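Chains as they are written, first to last, in my numbering: chain A, 71 to 155; chain B, 579 to 1071; chain C, 8 to 120; chain D, 291 to 431.
Keep in mind that the hints were calculated from the coordinates and are not lab data. Incorrect hints may appear among the rest.
What the hints assert, rightly or not - Straight-line C-alpha distance at most 30 Å; calculated DSSO-like pairs for lysine-lysine: (1) C:K33 to C:K110; (2) D:K426 to B:K603; (3) B:K927 to C:K119; (4) B:K724 to B:K927; (5) A:K73 to C:K33; (6) C:K110 to B:K724; (7) C:K104 to C:K33; (8) C:K119 to B:K1002.
As the structure is a computational prediction, the values presented were derived from the model and not from experiment.
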Amino acid sequence: MKKYISIPFLIIITIIIITSIGLEYGNPRNMEFVKYYLEQGLNDTGAMNLVAAVYLDYRVYDTLIETVILFMAVAGITFFLQRRK
Amino acid sequence: MKNHLPILIIILPLVFSFLILLFRKYAFYLSLTGIFVSLFFLLRLSSKILRGNRIIYHLGGWEGPIGINLVIDGLSFYFSFLVLCAGIFIVLYSLYEEKYSSTYYFFLLLSTSSMLGIIFTGDIFNMYIFYELLTISTYLMIAYLKKGESLKASFNYLIMGGVGLSFFLLGVGFLYALFGVLDISHIAERFLVIFSFNQQMVMVAFALILIGIGIKVAIFPLHGWLPDAHSLAPSSVSALLSGITVKIGIYCLIRLLYHIFCSEEYFFIRTGQIYLILGSITLLFGATMALAQIDLKRLLAFSTINQIGIIMIGFGIGTKAGFTGALFHILNHAILKISLFFCAGIIIKKTGSRLLQGLKGFGRREPLIVLSFTIASMGMIGIPSVNGFISKFIICSAAIEAGFPLIVVIIIIASVITAAYYFKIIALFFDLSETSAKITKPFGGKNASSRIIFGYWPVYVLTGISVFLGIFPKFGINLLEPAVKLILSNFIP
Amino acid sequence: MNPIHFSILLFFIGLYGVINKNNLIKKIIGLTILNGSTVLFFISIGYRENGIAPILSEELSGELMPVMVNPVPQALMLTAIVIGVSVTALALALIVKIYEKYKTLNIQQLLKE
Amino acid sequence: MKSSNIIKTIAQKLFPFITLFGIYLILNGHLSPGGGFQGGVVLGTAVILLFLSYGIEATEQKVKMRCLSILEEAIILFFIFLGILGISTGYFFLKNFLPLGRAGQILSAGFMPLLNLVIGIKVAAGIFGIFYILFKYRGEI
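Let the hints inform the model, and build the full structure from the sequences given.
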C-alpha cells in the first residue's frame, strides 16, 4: 500500500527537481573564489595539493569537528556494545 | 584574549567534554565548570552585543567567503544564552535523576558545544557538520537507558534525522552551485542577482532546506520521530531535547531562511504564508494528538509540537510584533517545558508509573511539585500572570494587526484544547478517590537526600523565573530586542 | 542526463529505499545511497570540462595553468564521507542491539511489539 | 574462527607493505593525492587484515583497547591544542602558525603534515575500533 503512494510521489518530485536544475555540467558559474583558491592556494598555505589546502587550512575547523564526530561514533558504539563486567 | 572569546565559547565545552573522559570521577563538576566558563565568556561579550554591534571572528585568519567565520550578533547571543542557561539546569537536574556515568555527561556537554557551534557559525556547511554532531549525540542520549523501546525510538530518529540532514546537505549543494560561496552573509548579498535569473532552482534549494530543517523541528507531516524520541529518553534528556534542541532547528530556519531567502519581498511573502499554514496545521495537530495521550511524557512531547506551531506562526506573520512574540515564546517555552519535564521526571520517579492514571492523588504527597507543574501548564495554556500568556498575546495582537484574524481563532482553539489536556492532568493530581492506592517504590539509596535538592530546586527556580517574566516581561523582551532588530534589518533590503 | 541529474535520481532511489524497505539493514543501505548521491552531486558541480585534479606540480608553472576542477567540493565531501561512515557505524550498532532485544529486523514486527 | 596457514602467511607478508603505503599516503597528503583520512583508512584496514587472519585473541594481546581509546582522546585534545597554539602565537584559532617552507617538500606547508598525521592516526584507530567492537560483540547474540 505504502509503495503505491510513495513511488509516484517520489517520481514526481524527482522530475520537478531535475527539470529545475539550470546548471551546465562541466562549466560551473561563480568561479571567482575558486580562482582565488587555485591561484593563491600555494602561496597562502604552501601545499601542492589544493584539496588538502582547503581541507587542512582554509576550512580546518570543519576537519576538527569531523574528527570529533568520528570519535563520537566510536564512543557511541563502545557505549552500546560494551560488555557488562 | 578578549578578541578570541567567540571561539573559546565553543571550544571550551568541547575541551571539557574530553577531559571528562580522561578524569571520569569528576564528570559532574567538569561539565558544570565547562558550561559556567562558557557562560562567563559569553556574558563578557554581552555589553557589546546588546548595544547592537556584531562580532566577526575569522577562523584561521581567513576572511569572508574564503575561510570560515564566526558571527555573533543579537540573534545568536540570545539563543546561546538560552542554551547555556538551560544547560546548567539540566546538568544540575541530571544529578538527581539517576547516577549517570561519565559518558552521559560527555554526550551532554558535547551536544551543548555543538549547539553553540551551530548558533555562532557563519558558514552553511559548517552548520551542517555541527548539526550532524548534535544529532549524533542526541541519538546516543535518547538510547541512553538501552531499553528496547528507547533503542527503537533512537533508530527511528536516526533514519529520519539522516534523511533530513541529507536533504539539508543537498540544499547546501544547490546553494553552492548557484552562489559559489558558502558564507551566509555573502550568499545573502548575491541573492537578488542570482534569484532574478534562476528562480526555480533557488525555490528548490529553499524547499530542500525547509524539508531538512523541518524534520528536525518536527513540522507537521515530518514530526513522526518526535513523540517517541522525546518521551522515551531519560527525563533530563527529554528536557534538553524539547527545551532547546528543537529551538536550534528554529534558529537555523531564521538564520538561513530569513537571512538568505528574504532579500526579496516577493519571495518573502510566500515564505511567510508557508510558515503560517505549516504552523497552524502543526499547532492543531499537536494539540489534538496530545489530548488523546495516556502517557505523561508523550503528552508533553505532543505539547512541544503544539507550541512549535505557535512559534512558526509568529515568524510567519513577519511583522516586528510577530518576531518579538515568536522569539519571546521560544524563551518561555524553553523555561516552561524544561520545568514540566523535570516535574514529570520527579513524578515518574516517585510513582513509578508513566501513565496518567498512576498520578491519582499525587497532589497530596508533593504539593510544591504539583504547584510548579500547575503554574508551568498555566503558562503553556496562556493564562495571565505566567510568561506564556505574554508571548501568546503578542503573537495574537500581531496577527490581528497584520490582518490574519483566522490565525487568532486557531490559536484560541488550540489554547482551549491545551487547557483541556493540562487540566485533565491537574484534576488527576487532586483526585483523592483512590488516595495512595499503590505504595510507591522506596526512592534512592543512602545519599539520596543530598541529591534530592538538585531535583527540586531547578524546578522551583524555573517556576519562579516564569512567574517573574509573566509579571515583568520587559526583562525578557529587552534581551531579544537586538535579535528582532537584526531580523527586521535583513528582511527589508 | 549528466551526472548532476543522475545524482538527484540516485538521491530519490535512496529515499525510496529508506521509506519502503522493511528491513532495517536495507534502510541503512538506503541512507548510504542518499549520502553517496550527495557526494556525487557536490563533485559534479565542481567539475570543469577537460579539468585536471587540483594538484600543482613542478612542471606546471604559474603562466601555463591548465584548467583545474574546483577543489572546494572535494574537500567538503571528504568531511561528508567521514560523517556518513560514522552514522552508518552507529546505526549498525543500534541494529545489533535491537536485534538482540527483539530477535527480528523487520520493521512491521518491531512496530507490533 | 580458524584460518588456514596460507591466509596467515600472506597477511603477515602483506602487512608491512600496506602499512608503508598508508604512511606514504599520510606523509604526502599535502603534495599528492591522498591525505590523513585515506591513509588512516589504509592503516586501519591493515590492522583489520591481521585481526581477521590471526583471530581475536592474538590481536588483543598486541592492541589494548583502553590504550586505543585514550590515544583517540589525547589526539583530539592535541588537535585543539594546535588550534589554541595559533592563538597563543598571536594569530587566530587554527591558524597555520608554522613556517610554510619550500613547496614540494615533505616538511612544508606549515602544520599540514602534522595535522595529516593526527587525522591519520585518529582515523586508523577509529576504523579499527569500530570494527573491533562490532566483531567482538558478535559472540553475545
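Results of checking the hints against the structure:
no.	hint	verdict
1	C:K33 to C:K110	holds (17 Å)
2	D:K426 to B:K603	holds (27 Å)
3	B:K927 to C:K119	holds (27 Å)
4	B:K724 to B:K927	holds (18 Å)
5	A:K73 to C:K33	holds (15 Å)
6	C:K110 to B:K724	holds (15 Å)
7	C:K104 to C:K33	holds (16 Å)
8	C:K119 to B:K1002	holds (29 Å)
Violation of the numbered hints given earlier is absent; every hint is satisfied by the structure.
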